[in-house]
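Turn these sequences into a full structure, and let the hints guide you.
From first to last, the protein sequence lines are chains A and B.
The first sequence: position 127 = 127 (our numbering), numbered continuously.
The second sequence: position 345 = 345 (our numbering), numbered continuously.
Worth flagging that the hints you see were computed from the coordinates, not collected in a lab.
A few of these clues could be false.
Here are the simulated DSSO-like pairs of lysine-lysine, each with C-alpha atoms no more than 30 Å apart in a straight line [what the hints assert, rightly or not]:
id, chain 1, residue 1, chain 2, residue 2
1, A, 111, A, 36
2, A, 111, B, 263
3, A, 200, A, 53
4, A, 122, B, 60
5, A, 88, B, 317
6, B, 12, A, 133
7, B, 87, B, 60
8, A, 177, A, 133
9, B, 91, B, 263
10, A, 68, B, 276
11, A, 130, B, 314
Derived coverage of chain A by chain B (criterion: at least 3 residues anywhere in the stretch with Cβ under 8 Å from a Cβ of chain B; other residues may be distant) [said to hold, decoys possible]:
id, segment
12, 39 to 51
13, 63 to 76
14, 101 to 112
All residues carry an ideal CB built from backbone N, CA and C; glycine is no exception.
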Amino acid sequence: MIYSNHLTFQYEKKGNLFSFPNITLNEQENLLILGKSGIGKTTLLHLLAGLLKPTEGNVIINDTDLHKLSNNQLDKFRGENIGLVFQKKHAIGSLNVLQNLQTRLYFSKKKVKNTAIEDLLKQLDLYDFKHSKVTALSEGQLQRLGIASAVIHEPQVILADEPTSSLDDENCDIVMKLLIEQAERTKANLIVITHDYRVKSCFQNHIIL
Amino acid sequence: MNLWKISIQNIKSKPLYTVLSVVILALSIILLLGIQQLKNSFEYQMENNLGDIDMVIGAKGSPLQLVLASILHLDNPTGNISYHDAKKASKNPLIKLAIPISYGDNYKGFRIVGTTKAFPNLYHAEIEQGLPFENPMEVVLGSTVAEQLGLKIGDKFLSSHGLAENTEDIHDDELTVVGILKPTQKVIDRLIITSLQSIWDVHDHDTHNDGTHGKHDEHEHEDDHVHHNENNHVDDHLDEDKEITSLLVSFRSPTAFLTLPRKINQQTNMQAAMPKFELNRLYEFTGVGFKTISIIAYLILIISGIIMFTSLYKMVKERTFDLAILRTYGASHFQLIKIVAYEGFTIALAAFAIGFVFVKVGFKYVFKVMDASDKVYMLQELPHQEVLQVGLLVFIITAVSVLLAIYPILKMNISTILSHEK
Numbered sequence: 001m002i003y004s005n006h007l008t009f010q011y012e013k014k015g016n017l018f019s020f021p022n023i024t025l026n027e028q029e030n031l032l033i034l035g036k037s038g039i040g041k042t043t044l045l046h047l048l049a050g051l052l053k054p055t056e057g058n059v060i061i062n063d064t065d066l067h068k069l070s071n072n073q074l075d076k077f078r079g080e081n082i083g084l085v086f087q088k089k090h091a092i093g094s095l096n097v098l099q100n101l102q103t104r105l106y107f108s109k110k111k112v113k114n115t116a117i118e119d120l121l122k123q124l125d126l127y128d129f130k131h132s133k134v135t136a137l138s139e140g141q142l143q144r145l146g147i148a149s150a151v152i153h154e155p156q157v158i159l160a161d162e163p164t165s166s167l168d169d170e171n172c173d174i175v176m177k178l179l180i181e182q183a184e185r186t187k188a189n190l191i192v193i194t195h196d197y198r199v200k201s202c203f204q205n206h207i208i209l
Numbered sequence: 001m002n003l004w005k006i007s008i009q010n011i012k013s014k015p016l017y018t019v020l021s022v023v024i025l026a027l028s029i030i031l032l033l034g035i036q037q038l039k040n041s042f043e044y045q046m047e048n049n050l051g052d053i054d055m056v057i058g059a060k061g062s063p064l065q066l067v068l069a070s071i072l073h074l075d076n077p078t079g080n081i082s083y084h085d086a087k088k089a090s091k092n093p094l095i096k097l098a099i100p101i102s103y104g105d106n107y108k109g110f111r112i113v114g115t116t117k118a119f120p121n122l123y124h125a126e127i128e129q130g131l132p133f134e135n136p137m138e139v140v141l142g143s144t145v146a147e148q149l150g151l152k153i154g155d156k157f158l159s160s161h162g163l164a165e166n167t168e169d170i171h172d173d174e175l176t177v178v179g180i181l182k183p184t185q186k187v188i189d190r191l192i193i194t195s196l197q198s199i200w201d202v203h204d205h206d207t208h209n210d211g212t213h214g215k216h217d218e219h220e221h222e223d224d225h226v227h228h229n230e231n232n233h234v235d236d237h238l239d240e241d242k243e244i245t246s247l248l249v250s251f252r253s254p255t256a257f258l259t260l261p262r263k264i265n266q267q268t269n270m271q272a273a274m275p276k277f278e279l280n281r282l283y284e285f286t287g288v289g290f291k292t293i294s295i296i297a298y299l300i301l302i303i304s305g306i307i308m309f310t311s312l313y314k315m316v317k318e319r320t321f322d323l324a325i326l327r328t329y330g331a332s333h334f335q336l337i338k339i340v341a342y343e344g345f346t347i348a349l350a351a352f353a354i355g356f357v358f359v360k361v362g363f364k365y366v367f368k369v370m371d372a373s374d375k376v377y378m379l380q381e382l383p384h385q386e387v388l389q390v391g392l393l394v395f396i397i398t399a400v401s402v403l404l405a406i407y408p409i410l411k412m413n414i415s416t417i418l419s420h421e422k
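This is the structure we're talking about:
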């Protein structure tokens, strides 16, 4: 469950003040946030992930107010409860596919059996590449690895930032299907922030910024 | 997966930078440890070989040369002195022990020293096999000589003229091995010891065989065959006619240091040299060289520190997005700093291990090769204190490099990095 109340954010003291609508998502509910470039979509996603501290308002995930946590507590909470998906590269370049997922699990402090990792890699069609360096992966494989990294630790919330913007229609459908499937599998809330209206049909709830 | 493994993978993904950092750092460590080991070996070797010798009496010339030649057997002697004059000088009550030595021949490059049976006592050398020499033409071998030449008790050999190995000027008189000394790690290990009479007899005999030989030798080997009797009246065995190379003296009282050398230098045609004083002078000369190499080593260490910092800083800057991703995974600032620190210290540890092993093993190999021709140096163990000092220095340089390199992590704004990466 994730709630946000009266979130506002200002990058500089005299800069634009971003105000965001309240978000209320109950267990296993998904949300699409649509908006044009520069409207503050990524800022909102970073506020929800605790990467930015709001000027006003708060974000509550499973009864925990993110912005009341200390920096260390916030790092720990993010590691355990939030999965982030980005538009482009989303992996540690010096590690291979398997090591990337193991690294994600290491920081989340969650124990996951190797079979579960392998099952996930099979689902995302990455099993044959588990020992490949990420530099050897295609864009599509990288995107799938990004999704795997965001869900391997079974987070409470999956936040995806423009996950389909650079993809063609076919791959856009595949990625959205994967995200929704993984959110269902891990019983997480999925919030996708994008300017890509093609994905609107995948969600029952949406907000336009 | 853990922080160490991530660091190792990061190191492996940048092999060129890693190898460069390790090689440069290892080079400076080799130089720093190596120079210390050489210096210690050199000084230990010098002082160890002094034994109980407080003064050397020899022919006039360079006092340092006299010490190097008579005690360390490194140089050519300054000339000969009269055995009679030497014995007279040795009767001074301030002298506890005076041992004459005479040399100028060698066997396969190992010097043959004519002396008395007390000579091994100066180096606390003991017989391992056989007996001390009793009669002329009997020799006792230092342990290195016996080992390297494979000589045994009862073996006979012919000495050759001069201090360097040669096959042209071989003496006719056979020398017989009667004893082998235990290893002492001192210069005596590399000497062949016999009686003074053996030396005199060998050369008397040569002079008998060839009446012109003595004069000829003196002309050709003026420097390296100084024990040769200049007098052609070789049948005259009176001490007055005999010559030795030098007299090694041990004092009974410290007051002898103040009076005896001056007395000998002023009142005789001989020279008295103080080994400790001369060696201190030598250290002053060699110290400049050691200091210069040390400065170069420190400069290389600083350069290697800069290279390590550059490498780590570049890694942090190039992997900003990776590090930001790790932060989204839940990694704290401190964990990211640990990853960088582990990389730095892994490189430093590898370099230190390579440097240390090279100095320990590589130098031994180099000295082993050198030994075959030089027969002088014996490598000392590297002092633990020096190793710790260099290790501490490397640790500090690495810590400073890491501290400077992590600055971008401390200033990292994950949101900005992730936004720009889009």
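Take the C-alpha atoms of residue 122 of chain A and residue 60 of chain B, compute the straight-line distance between them, and say whether it is at most 30 Å.
violated, 92 Å
Pair hint residue 91 of chain B and residue 263 of chain B, alpha-carbon separation not exceeding 30 Å
holds, 13 Å
Do three or more residues from the segment 101 to 112 of chain A put their C-beta atoms closer than 8 Å to C-beta atoms of chain B?
Three-residue rule met by the segment 101 to 112 of chain A, so holds; n is 8.
Satisfaction of hint between residue 276 of chain B and residue 68 of chain A, Cα-Cα up to 30 Å
violated, 76 Å
Apply the coverage criterion to the segment 39 to 51 of chain A and chain B: a residue qualifies when its Cβ sits closer than 8 Å to a Cβ of the chain, and three qualifying residues are needed.
holds (count 5)
For the pair supplied as a hint, residue 200 of chain A and residue 53 of chain A, confirm whether the alpha-carbon distance does not exceed 30 Å.
holds, 29 Å
Within 30 Å, alpha carbon to alpha carbon, are residue 130 of chain A and residue 314 of chain B?
holds, 28 Å
With the threshold set at 30 Å, check whether the alpha-carbon distance from residue 111 of chain A to residue 263 of chain B stays at or below it.
Measuring from Cα to Cα gives roughly 89 Å; hence the hint is violated.
Quickly compare the C-alpha distance for residue 87 of chain B and residue 60 of chain B to 30 Å and report which way the hint goes.
holds, 17 Å
Regarding the pair residue 12 of chain B and residue 133 of chain A, is the alpha-carbon distance no greater than 30 Å?
Satisfied, since the Cα-Cα distance of roughly 12 Å is no more than 30 Å.
Within 30 Å, alpha carbon to alpha carbon, are residue 88 of chain A and residue 317 of chain B?
holds, 19 Å
Is the Cα-Cα distance between residue 177 of chain A and residue 133 of chain A 30 Å or less?
holds, 25 Å
In this structure, the earlier hints numbered 1, 2, 4 and 10 are contradicted, and the remaining ones agree with it.
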